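Participant: Chain residues, written in single-letter form:
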Amino acid sequence: MDDTTKRVSSKTLVGRDIPEKLIDVRELSFAFDGAREKALKKVSTSVFTGDFVSILGANGSGKTTLAMAMCGLIPNFFFGSFEGDVLVKGKSTLGLKVGEITRDVGILLQDYNSQIFFPTPMEEMEFVLDNMGLPQKRAKETALRLGISHLFKKPFATMSEGEKQKCVIASILCVGPKALILDEPASQLDPKERCDLRELLKKLHGEGTTIVLVTHDTELAALGNRFMFLWKGKLQKETRERNFLSSESCAKLGVEPLNDTPVIKKKVKPKNLGTVAIFDGVSFSFDEAKKGKAKGEKILDDVDLELNLGECTLLLGANGSGKTTLAKHLIKLLGTQEGKLEVLGRDVSTYSQREIARNVAYLFQNPERQLFKSTVREEIEFSLSLVDEELSERAIEKVLLLLGIKALINRNPQALSGGEKQRVALGAALATKPKLAILDEPMAYLDYPGRLELLDYLFALKESGVSLLIITHHPEWYKSLVQKTIVMERGKAKIRK
Amino acid sequence: MKGIFEFEGGEGILFDMGPGTKLVLLLIVWAFALIFGFFAQVAVFFAIIILAAQSGVLGKFTHETKWFWIMTVPMILVIQVLFTGGQVNSMDPGIISFAPNFSMNALVAGLTSALRLFCLFGSSVLFSMTTNPLAFAKRLGEVKVFGRGLPQGLIFLFIFINRASALVFADIEGIREAQKARGLDLGEESVLGKIKGYVALLIPLLTISFERAEKQAVALEIKGFGLKDVPE
Numbered sequence: 001m002d003d004t005t006k007r008v009s010s011k012t013l014v015g016r017d018i019p020e021k022l023i024d025v026r027e028l029s030f031a032f033d034g035a036r037e038k039a040l041k042k043v044s045t046s047v048f049t050g051d052f053v054s055i056l057g058a059n060g061s062g063k064t065t066l067a068m069a070m071c072g073l074i075p076n077f078f079f080g081s082f083e084g085d086v087l088v089k090g091k092s093t094l095g096l097k098v099g100e101i102t103r104d105v106g107i108l109l110q111d112y113n114s115q116i117f118f119p120t121p122m123e124e125m126e127f128v129l130d131n132m133g134l135p136q137k138r139a140k141e142t143a144l145r146l147g148i149s150h151l152f153k154k155p156f157a158t159m160s161e162g163e164k165q166k167c168v169i170a171s172i173l174c175v176g177p178k179a180l181i182l183d184e185p186a187s188q189l190d191p192k193e194r195c196d197l198r199e200l201l202k203k204l205h206g207e208g209t210t211i212v213l214v215t216h217d218t219e220l221a222a223l224g225n226r227f228m229f230l231w232k233g234k235l236q237k238e239t240r241e242r243n244f245l246s247s248e249s250c251a252k253l254g255v256e257p258l259n260d261t262p263v264i265k266k267k268v269k270p271k272n273l274g275t276v277a278i279f280d281g282v283s284f285s286f287d288e289a290k291k292g293k294a295k296g297e298k299i300l301d302d303v304d305l306e307l308n309l310g311e312c313t314l315l316l317g318a319n320g321s322g323k324t325t326l327a328k329h330l331i332k333l334l335g336t337q338e339g340k341l342e343v344l345g346r347d348v349s350t351y352s353q354r355e356i357a358r359n360v361a362y363l364f365q366n367p368e369r370q371l372f373k374s375t376v377r378e379e380i381e382f383s384l385s386l387v388d389e390e391l392s393e394r395a396i397e398k399v400l401l402l403l404g405i406k407a408l409i410n411r412n413p414q415a416l417s418g419g420e421k422q423r424v425a426l427g428a429a430l431a432t433k434p435k436l437a438i439l440d441e442p443m444a445y446l447d448y449p450g451r452l453e454l455l456d457y458l459f460a461l462k463e464s465g466v467s468l469l470i471i472t473h474h475p476e477w478y479k480s481l482v483q484k485t486i487v488m489e490r491g492k493a494k495i496r497k
Numbered sequence: 498m499k500g501i502f503e504f505e506g507g508e509g510i511l512f513d514m515g516p517g518t519k520l521v522l523l524l525i526v527w528a529f530a531l532i533f534g535f536f537a538q539v540a541v542f543f544a545i546i547i548l549a550a551q552s553g554v555l556g557k558f559t560h561e562t563k564w565f566w567i568m569t570v571p572m573i574l575v576i577q578v579l580f581t582g583g584q585v586n587s588m589d590p591g592i593i594s595f596a597p598n599f600s601m602n603a604l605v606a607g608l609t610s611a612l613r614l615f616c617l618f619g620s621s622v623l624f625s626m627t628t629n630p631l632a633f634a635k636r637l638g639e640v641k642v643f644g645r646g647l648p649q650g651l652i653f654l655f656i657f658i659n660r661a662s663a664l665v666f667a668d669i670e671g672i673r674e675a676q677k678a679r680g681l682d683l684g685e686e687s688v689l690g691k692i693k694g695y696v697a698l699l700i701p702l703l704t705i706s707f708e709r710a711e712k713q714a715v716a717l718e719i720k721g722f723g724l725k726d727v728p729e
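Top line first, the protein sequences correspond to chains A and B. Position 230, counted from 1, in the first sequence is what the numbering used here calls 230; the numbers after and before it change by one each time, with no gaps. Counting the second sequence from 1 gives a position; the numbering used here is that position plus 497.
Quick caveat, the hints were computed from the structure, so don't treat them as lab data. One thing to keep in mind: the hints can contain errors.
[To be verified] Okay, derived cross-link-like pairs now, DSSO-like style, lysine-lysine, Cα gap no bigger than 27 Å in a straight line:
#	chain 1	residue 1	chain 2	residue 2
1	B	712	A	97
2	A	328	A	484
3	A	433	B	693
4	B	691	A	373
5	B	712	A	154
6	B	691	A	328
7	A	373	B	712
8	B	693	A	154
9	B	693	A	140
10	B	635	A	154
11	A	38	B	563
12	B	519	A	232
Bear in mind that the values here come from a model prediction, so they are computed numbers and not experimental data.
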């Protein structure tokens with residue numbers, strides 16, 4: 001029995017370990033207030049002490065809803081039509097205070113930054129312990145246990161994403177819950193941080209913490225010893241067989257099979273169409289300390305690069321290595337301090353913001369910030385007005401059809417799901433027919449089918465002569481597209497062909 | 498201004514001091530500034546500068562108070578010397594009339610007024626910069642008057658607003674960047690374009706703020722806020 005399959009026994013009966021039923025979900029159906037469809041439909045399952053359960057499924061399959069029901073947020077915080085029951089340590093969660101349940105079942109939210117209120121982990125933990133009426137000494141003990149003593153008094157503002165996440169986990173674990181639920185914990189982490197997270201989860205499980213992991217990341221999910229697959233609110237499959245994660249059936253449930261490399265089309269060598277951007281000895285530093293970087297520390301250090309028309313370039317590197325800073329120079333969000341940057345043969349500083357936006361599109365990782373009109377139609381119209389394109393129904397329809405968002409035309413962009421928002425933002429950015437499209441983790445919010453669709457679309461875009469610069473922590477997803485890879489390391493750019 | 502309200506933490510006397518003790522010290526400085534004359538103001542001025550330097554925030558402090566030096570101090574000096582005739586400790590300024598007085602007394606009176614304002618303003622800025630507002634709220638929550646503390650709801654609101662207001666600055670910056678990337682640069686727009694641009698800024702800002710408010714409320718629930726009375 002290895003670490004991942006070991007169970008911690010709570011009772012011994014006739015010499016055999018009997019795991020305790022920690023969370024019991026009974027015929028649970030739930031629809032959020034105002035929602036037409038149920039997010040969960042008659043889901044029944046149990047989590048035992050010492051389990052490591054991975055919950056997988058496509059976007060909107062009900063994974064997060066189930067996680068929230070397991071820690072009592074549903075129905076005690078999020079209201080709606082609730083049928084069935086959820087029991088934690090044999091007690092129904094209905095009517096309890098959420099804090100009473102999270103003493104036993106803690107949860108790390110997908111946006112774990114929202115769980116930070118205080119400047120340092122020490123204060124964060126002391127606040128939770130104070131609320132729960134527990135001794136303050138547990139804060140130090142937990143920091144020691146998780147190996148984050150060196151971060152105990154460090155301000156969150158100066159930490160990397162991985163460090164921050166670890167400290168939030170510590171603030172959950174300091175009250176001593178039996179189980180820890182993690183909702184998409186790897187989505188904002190770079191490869192090294194993901195590796196650290198895997199080790200942490202293994203360690204916690206090895207020490208006896210029950211883990212419930214909600215994720216799109218099949219590789220991370222494979223750490224578990226039980227796998228639940230949700231599909232349109234139903235628990236479609238529950239298995240202990242790890243091999244199932246590599247099977248075709250896994251893909252049918254909207255989950256990327258393990259070790260799968262999606263290749264949509266044959267790799268085509270791009271025609272030599274010239275250069276779209278040339279970095280010539282570009283250096284950059286902020287005049288104030290920012291995101292863990294000291295004042296004056298070089299974020300870009302003498303970068304020499306060429307991006308070619310019709311090519312797909314991947315921009316890799318750890319969080320804070322300078323990827324976004326490099327990309328922001330291309331769209332004039334940051335001005336060059338040293339060196340020279342040319343976009344389409346012109347010094348970037350000679351472009352107006354409107355002119356540069358016509359030629360370079362930028363899709364941010366958080367698309368909601370990019371959408372500021374009342375309807376999807378207005379978003380596309382705004383982009384078309386930038387290029388003085390005729391605002392005809394045909395032009396708008398062309399963009400909508402290309403991205404499969406025609407049905408959303410009169411919807412408010414802010415009311416759409418994460419994946420839909422991303423498509424609208426992409427449509428709005430690409431409506432100007434740019435020569436270069438910069439995409440910052442475009443697949444971050446997408447499930448497996450969504451990723452395949454986007455990959456197909458990016459391929460068509462590249463074929464049409466648009467250069468792609470993709471900032472990502474997942475180079476494996478773009479294998480069939482890429483011509484050049486740039487790796488950023490402490491502000492230096494290294495090219496890997 | 499952002500720097501005044503954004504607590505970053507650090508090391509030094511002011512960071513090590515408890516929020517309650519620091520509040521008492523602030524009140525003493527205010528009393529000093531309001532009651533005593535020129536030499537006391539000079540002493541308090543140097544004390545503020547030394548404390549800021551010892552706590553490693555002198556650079557930030559001078560940056561955040563530079564407008565006070567550039568605008569307010571010369572203005573007070575000019576008013577004192579040119580308009581009030583340099584009446585030191587005058588409790589009744591009367592009607593301000595043009596009465597220039599370039600004597601040493603008038604200059605000292607002007608400097609005293611400027612230093613007095615600086616001591617009041619500077620000590621408050623230093624308090625804000627070096628005091629964790631949430632720890633301060635927690636401390637307030639512990640204070641009992643006639644056996645009753647501050648209502649939990651009020652402290653909840655304080656924690657909530659404090660965290661949200663720090664993040665709103667970052668949101669505004671992010672949204673403006675995203676809009677610029679789409680070609681909407683308010684600096685390049687006409688007056689009408691600027692107005693439309695600010696409205697456009699509000700839509701995502703409100704959406705993001707509402708979403709965050711909900712997430713923070715969830716996070717506080719998870720952290721067991723207000724749970725103290727429920728037995729384990």
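Participant: With reference to the structure, classify each hint as holding or not holding.
Facilitator: Evaluated hints:
Proximity of residue 712 (chain B) to residue 97 (chain A) is assessed by CA-CA distance (about 17 Å); at most 27 Å being required, the pair is judged to hold. A hinted pair counts as satisfied when its Cα atoms are at most 27 Å apart, and residue 328 (chain A) with residue 484 (chain A) qualifies at roughly 19 Å. With a C-alpha separation of about 24 Å, the suggested pair residue 433 (chain A) and residue 693 (chain B) falls inside the 27 Å cut-off, and the hint holds. Annotation: proposed proximity of residue 691 (chain B) to residue 373 (chain A) holds, straight-line Cα distance about 15 Å (limit 27 Å).
For the hint linking residue 712 (chain B) to residue 154 (chain A), the alpha-carbon distance of about 24 Å falls within 27 Å, and the restraint holds. Note on residue 691 (chain B) and residue 328 (chain A): the hinted pairing holds, with a Cα-Cα distance of about 23 Å set against a maximum of 27 Å. Taking the CA atoms of residue 373 (chain A) and residue 712 (chain B), the gap is about 24 Å. The hint holds against a cut of 27 Å. Distance hint between residue 693 (chain B) and residue 154 (chain A) is unfulfilled; the C-alpha atoms sit about 42 Å from each other, more than 27 Å.
Our distance criterion of 27 Å between C-alpha atoms is broken by residue 693 (chain B) and residue 140 (chain A), whose separation comes to about 51 Å. For the proposed pair residue 635 (chain B) and residue 154 (chain A), the alpha carbon gap of about 20 Å is at most 27 Å, so the pair holds. For the given pair, residue 38 (chain A) sits about 58 Å from residue 563 (chain B) by alpha-carbon distance, which is inconsistent with the 27 Å threshold. For the suggested pair residue 519 (chain B) and residue 232 (chain A), the alpha carbons sit about 56 Å apart, so the restraint of at most 27 Å is broken.
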